[in-house]
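Q: Please build the complete structure, drawing on both the sequences and the hints.
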Amino acid sequence: MNWLIAILQTLLFIVLAPLLAGWLKCCKCRLQNRKPPSLLQPYRDLIKLTSKQPVVAGQASWLFPIAPYLVFSATVLAATVVPLIAVDLPTSASADVIVMVGFFAFARFFLALAGLDIGTAFGGMGSSREMTISSLAEPAMLMAIFTLTMTASTTNLSVAINHVLNDGLILRPSFVFALFALILVAIAETGRIPVDNPSTHLELTMIHEAMILEYSGRHLALIEWASQLKLMLYGVLIANIFFPWGIAESFTAQALGYGLLAIMGKLAVLAIFLAIAETLVAKMRLFRVQEYLSFAYLLGLLGMLSHIILEASR
Amino acid sequence: MNIEQQDFYTQAILSLAALVGLTSFLMLGQGRLLRLIFIFAMQGFLLTLTAALAAYSLDNPHLYISAALTLVLKVIFIPWMLRREVIQMNTHRDIEALHNKTTVMLGGASLMVFSYYVLNPVVQTTSPVMLNALAVSLSVVLLGMLLMISHRQAVAHVVGFMAIENGLFFAAIVATNGMPMVVELGVAFDVLVAAVLFGIFFFHIRTSIDSLDVDRLNRLHEVDK
Amino acid sequence: MIAAYLVLLIPFIGIVFFALAGHKADTGKLNVRFNAVCLLATVWLAINVLNQGTLLSSGKAFLIDPFNVYLIVLTAFVGFTTSIFSSPYMAHEKELGKLTDKRLRLYYSMYQGFMLAMYLVLTTNNMGVMWVAMEGATLATVLLVSLYRTPESIEAAWKYFILCGVGIAQALFGTILLYYAAVQVGDVENSLLWSVLYENASKLNPEILEIAFVFMLIGYGTKIGLVPLHNWLPDAHSEGPTPMSAVLSGLLLNDALYAVVRNKMLVDGASHSDMAGHLMMGFGMLSFLVAAFFLHRQKDIKRLFSYSSIEHMGIMTFAFGIGGPLATFAALLHMTVHSLTKSAIFVTVGHASQVAGTQSMEKIRGLIKTQPRIGWGLLIGTVAIAGFPPFGVFTSEFLVLLATMHSYPWLTPLLLLGIGIAFAGLFRHIQPMVYGNQPEGQLPVKANLWPVMIHLGLVLWLGLAIPGFLANWFSQATLLISGSTPL
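Chains as they are written, first to last, in numbering that gives the first Met the number 0: chain A, 0 to 313; chain D, 0 to 224; chain Z, 0 to 486.
You can take every hint at face value.
Computed spacing ranges between beta-carbons, pair by pair: (1) D:Tyr63 x A:Phe272: 29 to 35 Å; (2) D:Tyr63 x A:Phe286: 43 to 49 Å; (3) Z:Ala18 x D:His91: 33 to 39 Å; (4) Z:Ser359 x D:Phe37: 44 to 50 Å; (5) D:Thr101 x A:Val100: 23 to 29 Å; (6) D:Tyr63 x Z:Ala90: 48 to 54 Å; (7) A:Glu248 x D:Pro120: 43 to 49 Å; (8) D:Asn217 x Z:Met404: 41 to 47 Å.
Because the hints were derived from the structure by calculation, they are not lab data. For each residue, glycine too, the CB sits at the ideal point set by N, CA and C.
A: In structure tokens, the structure reads:
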């Protein structure tokens, strides 16, 4: 039964991810006075891409066609770790947050390799940039997450969320810092403005899009889907760790239903904030990214320090 | 005492203390004047929140007046004045080259440690919460001084000056639930007059050296050369 | 107590009146009258204290005890005589085209503003209000320092503003800590009142108070001009109008020291270590020696005497730091005689620089031939401030030396050395200015030297014999500060 719910939850993740992307696009269009596409547009795009035959460059090795599958499955596995609608699921109990970060690193590794594989200038450039950014973003992310796990004394997300739920509403300075740090990291990792612009292929400054420039057909569909999934994962992480209220603690249909509604509401609100931020902020120069990420790291560090100094017992 | 056992007011004060400290650090590393002023206004807003919260939780109505004064002075009036000055001087596009920013930041961090060290004796008489709040406010004061040392623009100096005042105000609210009303009003009056005087000074400095870069105020020496 | 309110009310009316009325030909004389009335009010206040002892206003907002009453009279007196000097001086500056009516309006209004702040620092019983008034004094004088609007004066005023503002912020932090310590023992309402704090000093937490005192000393020490926080002082003194230098040196520095001593009394009551005293001794000695050396390197006459002010403030801080009855008595006496002498010197310096048309000492020569009265005034003033007998400065410095020999004999050589160096530093500059050959283009000015003569006469009198009532106040104040009487 529990496993069933766990699998169901992962499936929900996969199914809902394009919807979140569609909603985000919708919000952005409205803010920019454009007519938004339908909420279901990402699904249509995915279906259209899947039905097309992928074109693979002549000098591509075996790595190139296999990478999309690896990336997608690694991201899905990462999704199993994160509690979406319910806590105490067996999948999240079996792995902790470091595993999740590991899955992300795994996916990124293959994506970067695939970018390099073809030997085009854009692919290589994109890969090198992606690795630069992730090498800076990962420590910041871990720092933020460690702040949380120190409070809950566990690295298991499910247990940590339970801990936060049980404590009730407590204002912790360290959480404030960790929240900001995690948001900054999430923006960098999912390739949103101001670090990267997901909606254009025209800039020399592109990062993620440069890596996948050579992909087409169902390969592209899988990679797009994986990145939508990643966006949603970060959203769920932020929403459920810092504002876990509403998540199902028992496995009744009612609780699960409420859990689903709650997380959808939270994600919708988060997406609105992200859309506003993306509309207001301009993309920054690549060389400023390290400043941005070291600020995120600083925030994470401050979060940990304030946990030790301000909150711990004496 | 763990934070879970503290009441909501204490938790909120601690969070605000952390944020006030953060804004101080942000100001320290900020080379753009308009952003500096914006962060300063943010800090003022945090102080307003602190004062209002203290007034509400401790049932101390005169702190509402302090909160209102802070809001008007430090969130609206002074940032507005500085902003106007920066735009008039057309310095809002300049990025001030902060030499050895890393050193300054490290210096800031050590000042924070220093404040904890200095105020350590206080902890014997009271809860650790007070120590934190006092140490944060002292470090805001010291960081304000460091800001003045590391920046060259007169506007940044004024921001540093006012940030020092912010630190003191925070200490006054948190440690002692506000000073007596007479003193509080007097301090606010002094801040207001100081702000106006700064405005006048900008005008004079500009007309005399045609810039607001205080490094160029260098005619007077300790001993005549 | 009415007298005390009157003392505060008169300068307040002065501010408003001068600000509204604008500058007219007789404003300088009106300013003299305001200060004269205020002086009378302080004398009345002093007589009250003489008859009734310590006064505490209802509501405990104001406290007049033997420690501050003589400072109040001194403030009013120096304010009065300086205003006599300032009237023709400022008129002359206006004739030279350096100042306009608008700026003179600011000048006279803020002159009263400064006086108000000084009286408030001295009379208030509330440590917070004392801080506010101290900051108010900075704010009132900062625009006067830049009155001439030259780049140098603006720079000096900016330095003065920033350094004193930042410095005194530390004093507010100290005050907050003091209040924090006080709230823990007693009622919140009166916890910043000095009289209440003094009564309960032994109950206050000594450690917090010691930290608080460090901040207070740094904060108010910036105002006193203690090395290494003194940079603003020579600039502000040299670039502002001379009457301002006279009141800054004569009054502001004293009042800042007064604030430190008031706090020291609390700390001494709470803790039984000599921490506060030793800190003051260290800062005082450092200021004294550094300023004595710097005297030799000056070229501007007003900067010369502002370094001399730092040196003397150093001696006083040192003496208060020693803390015994003899040293405290000496410090109190030194505050008085230094104020009188230094303001007299600035008055003559103002005239001397008007004679030569410059403040550069190289160009001021042969004063005794050009205008003998100014030359003699400067010479006698310098003799007095350098600590020659029979002037009062000699008496007080001698007492400080005695106290040092008694308590810290190994510091005596340093003290003697400093006095010697300062003496040499002053006279190597003053001698050619007073004698020397008279260069071209020195014009005698209309000078009113009565203030100088009165001041120096008083200093001479204090050097020969201290009048009974003053000695009585001094010893009562000494009793308050150090816990025993010197006589």
